[in-house]
Amino acid sequence: MTDTATYIDQSSSFLDNYNAYCEQHRHAPVVLDRQVLFGTPETIETHAAELRDANVRFFIGVDIPTAQMAQLYGSDAMAGLYGSRDDIVVTNFDSQFRDDLQVSDLQQLSAQVCADPALVAYLWNNSHLMRLMAKQLADSNDMSQCLHRYANAYRGANAYTLTHTERFQAFNDLLTLFHMTNPQGRVLVLAESHTAESMLALLISTLLKRDTQVRVQQAYQFVMSLLDTAPAQPVRTERIFLNAGLTGYVEAVKKFNAIHGRRRTTTTNYGAQSGHTNETKRSMRYVPAAAQLAPVETGKRARAD
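According to our numbering, the stretch in the sequence shown is residues 3 to 307, in order.
Treat the hints with caution; some may be incorrect.
[What the hints assert, rightly or not] Restraint-style ranges between C-beta atoms, simulated for each label pair:
1. D78 to N154: 30 to 40 Å
2. R151 to L244: 21 to 31 Å
3. R100 to N259: 34 to 44 Å
4. Q215 to G85: 37 to 47 Å
5. V216 to D55: 22 to 32 Å
6. A56 to D88: 16 to 26 Å
7. D35 to Q235: 20 to 30 Å
8. Q109 to V216: 47 to 57 Å
9. D78 to R151: 32 to 42 Å
10. R54 to A246: 32 to 42 Å
11. D35 to T239: 15 to 25 Å
12. D55 to I261: 40 to 50 Å
13. F243 to D35: 19 to 29 Å
By construction, these hints were calculated from the structure, which means they are not laboratory data.
The beta-carbon is built from N, C-alpha and C at its ideal position, and this holds for glycine as well.
Assemble the whole structure, with the sequences as input and the hints as a guide.
Set out below in structure tokens:
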């Protein structure tokens with residue numbers, strides 16, 4: 003009988019077994035808290051079952067090129083998670099991407115990205131889902147008590163070029179929007195590695211937002227303690243501890259809390275909305291002409307739309 007831990011070879015050295023374990027778990031999702039997991043783009047392909055079991059419905063890329071995020075969004079691995087891309091929302095932070103996109107006009111958007119079908123589909127579909135969420139929540143809640151920025155800030159392109167404190171504000175606002183939209187849906191934050199400093203700083207900001215008495219070093223040690231294996235590359239901690247955007251964000255949170263109290267979060271179950279709303283979500287999707295000619299295999303949980 004074959005043991006479930008098939009990667010362990012009893013005849014191999016401890017170092018060989020450890021290296022095999024590290025390789026198998028190199029892209030495994032790591033749980034930060036009840037809402038957030040973090041990983042790499044490869045996590046979606048190699049640990050899809052874990053993401054489904056965790057009910058991950060939202061994805062945030064950090065300093066992954068938007069073109070790469072578009073390819074990931076269009077991949078069979080992403081489509082196969084739940085059988086339909088209508089069931090997920092993907093956003094990303096890319097300071098090198100253009101910030102003047104007109105995502106409300108399909109023809110103009112296509113021209114702006116040189117008719118790249120993957121980019122058009124990624125930006126068009128997810129920007130419109132973000133617009134739906136932001137509008138629905140703003141219509142039924144006082145978002146000034148929930149978000150750092152105005153809700154309208156999230157009704158444009160789903161690729162954000164923000165830097166410094168604004169990036170931290172937007173990242174935490176996205177987590178709030180996603181939680182208010184679907185309290186059961188979890189978020190996977192993606193970077194090129196589990197220890198990318200830009201992602202670690204954002205994850206740490208969520209912990210400091212929750213408790214401003216926690217120090218950055220303490221939050222960093224907590225996040226690093228969640229990793230099963232040692233980092234492949236040394237973490238340049240000065241990019242976290244001396245991050246002016248992170249420091250500015252925490253100070254802004256403290257100031258807001260002192261005046262208004264902690265930001266509140268109410269929830270609206272977006273998945274339980276009317277069939278009309280769900281049909282609207284589907285009708286806004288951009289499908290490249292080639293995809294319309296032949297059906298795409300969408301995995302085990304394919305859904306008949």
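Hints the structure violates: just list their numbers, smallest first.
-> When the structure is compared with the hints, none of them turns out to be violated.
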